[in-house]
Structure formats: C-alpha cells, structure tokens
Amino acid sequence: MSFNIEEGRYIILGSIDGLLATLGIIVGVSVVSATNSIIVSAAFGGAIALALTNGLGSYLAESTIEYGKLAITERSLLRKLNNTYVESQSRRKIVKDAVSSGGASFLGSLIPLAPWILSVGSVAASVALSLFSLVALGVYSAYISRQSYAISVIKMVGLGMLIVIAVQLLRIGHLVQ
Amino acid sequence: MSQIKRLVLDVLKPHEPTNVEVASAIGDIRNVDGVNLSLYEVDQQTENVKITVEGTDVNYDLVLQTIENLGGVVHSVDEIIAGKKIVEEEETLHDRG
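For the record, the sequence lines run as chains A and B. So for the first sequence, our numbering puts the first residue at 1; every next one is plus one. So for the second sequence, our numbering puts the first residue at 1001; every next one is plus one.
A portion of the hints provided could be inaccurate.
Claimed, not checked - Simulated crosslink set (DMTMM-like; lysine to aspartate or glutamate; CA at most 20 Å straight-line):
no. : chain 1 : residue 1 : chain 2 : residue 2
1   : A       : K69       : B       : D1043
2   : A       : K93       : B       : D1078
3   : A       : K80       : B       : D1078
4   : A       : K69       : B       : E1016
5   : A       : K93       : B       : E1016
6   : B       : K1005     : B       : D1078
7   : A       : K96       : A       : E66
8   : A       : K80       : B       : E1068
9   : A       : K93       : A       : E6
10  : A       : K69       : B       : E1047
Derived by calculation from the structure, the hints in this document are not laboratory data. Source: prediction; values computed, not measured.
Make a model of the complete structure from these sequences and hints.
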C-alpha cells in the first residue's frame, strides 16, 4: 500500500487519541493503585477499545463520505459506478483510512504504556515519553503541512500538556477528598 | 466482419482515475497500437475527453468495457475507420463551403 498525504490526517488523529487517552488512564488509575499489573490491564484494555472504536468510527465515517462523493459523481455522469474501478478505489481508501486510524491509535497507546509493560513504570516516565512523542508528531505534522516546525511542535506539546494538567488536577482533587 | 482500424470517441469521465491511467488502460488492450486522449472540457465533477484509438483490429466492446470500468461514459462514436486500410475523410465542396 502506498502512503499519501491524506492518510496523515488519520495517523495524527489516531496517534494523539491513543497517546493522550491512555496517558489519562495511567495517570487516573495510578491515583488508586500503582500496581504494575493493574495499570497495564486498565491501560491496555483502553488501548484496544480505542483502536477498535477509532477504526470502526473511521470506517463508518469514510464510507459515508466516499459513497456520498460517488453519488455526486454518478449524478453528473448519469450512470451508476457500482462494480467499477472507481468504486473499488473508494472501498480501498475506506479500509486504508480505517486501518490507519485504528492502527495509529493502538500504537500511540503503547507509548505511555511501554514503561509499565517493561516493569519500569512511573507516571513521570509515561508523561516524558508521551511529550517526546508529541514533539515527533509535531515535526511530522509540520513536514506534511509545510508549516513552521516550531509552531507545530508547540501546538502539539501544548495540547498534550493541557491534557496532562487536566488529569493531574482530577488526581489532586481525588487525593484531597 | 471487417477489422476496426481507428475509433474516435467522445467520452465523459470523472476526474479520478486520471487521463494518464485511462489512456494507459486502453493502450493495454489487445490489438491496440496507440491511444490519443485529449481533454476539451472540465467541470467540477467531470471531464470531456476525445479518445482516438488505433490498432490492427480494435475490439470496440473491450474498449467500451474498459472505459466504463474506469467510470467513463461514451457519449458518441465520432469516427470509425474499418477495413483493410485506413481511409481518411475526404473534403468535399460542401465542407469547403
């Protein structure tokens, strides 16, 4: 399968989703238990669920959009495009986008989870790895969009920091109770 | 039945697949020696192209099937040359008129 610029959308979306949602689970669960196995179970379960929902969601959304576009083209051509090369290319794109989205989400989830899987887990390590990954995503995003690398990285890392802070505030709120 | 040497078709097609892909696909058909595809009109969804196909024994059904599989519609067959040799259209007084 070849890569094109459109697939960057789902790779970025899926990665951020998996990365930050799993980080949120890790930070949240660590409030009540720092046991490795519990954190790995919770976060891994979340990772699988995220991958499946992102993949399925992308499949359904892309199916709607692609078949909608085909319908518009059919109206202009005054013919159906069923069982043509054109329809097969649309189906291929739908599957590729779904796999990109679900796959990127799962891989993104593994990043904050990696220290815990390797039994060297700590919240700080998960946050550090996640922020480093966000820097990489920022660079990738800038490469695709031909925008400033600095601004793109700042946006990505800033978003990540916001979410980490929000989850930490919930954590602190729980401890205060 | 005599062999078709040249076909000129007026085709309406979507933007994807590209004209390069369409011309290549027709060029791959058995007994097709050459394809000329020229674009003469574009709108938001579709393109009008003139496709000239030449060969030793061009199979019109195969050409039609290929174009339709790629999402195109043949609006008209503007020229056909069939037989043992290529015969060009002759200009008459009426055409010069």
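For each hint, the structure was consulted:
no.: 1; hint: A/K69 / B/D1043; in the structure: 15 Å, holds
no.: 2; hint: A/K93 / B/D1078; in the structure: 36 Å, violated
no.: 3; hint: A/K80 / B/D1078; in the structure: 24 Å, violated
no.: 4; hint: A/K69 / B/E1016; in the structure: 12 Å, holds
no.: 5; hint: A/K93 / B/E1016; in the structure: 13 Å, holds
no.: 6; hint: B/K1005 / B/D1078; in the structure: 14 Å, holds
no.: 7; hint: A/K96 / A/E66; in the structure: 13 Å, holds
no.: 8; hint: A/K80 / B/E1068; in the structure: 10 Å, holds
no.: 9; hint: A/K93 / A/E6; in the structure: 10 Å, holds
no.: 10; hint: A/K69 / B/E1047; in the structure: 16 Å, holds
In this structure, the hints that do not hold are numbers 2, 3, in rising order.
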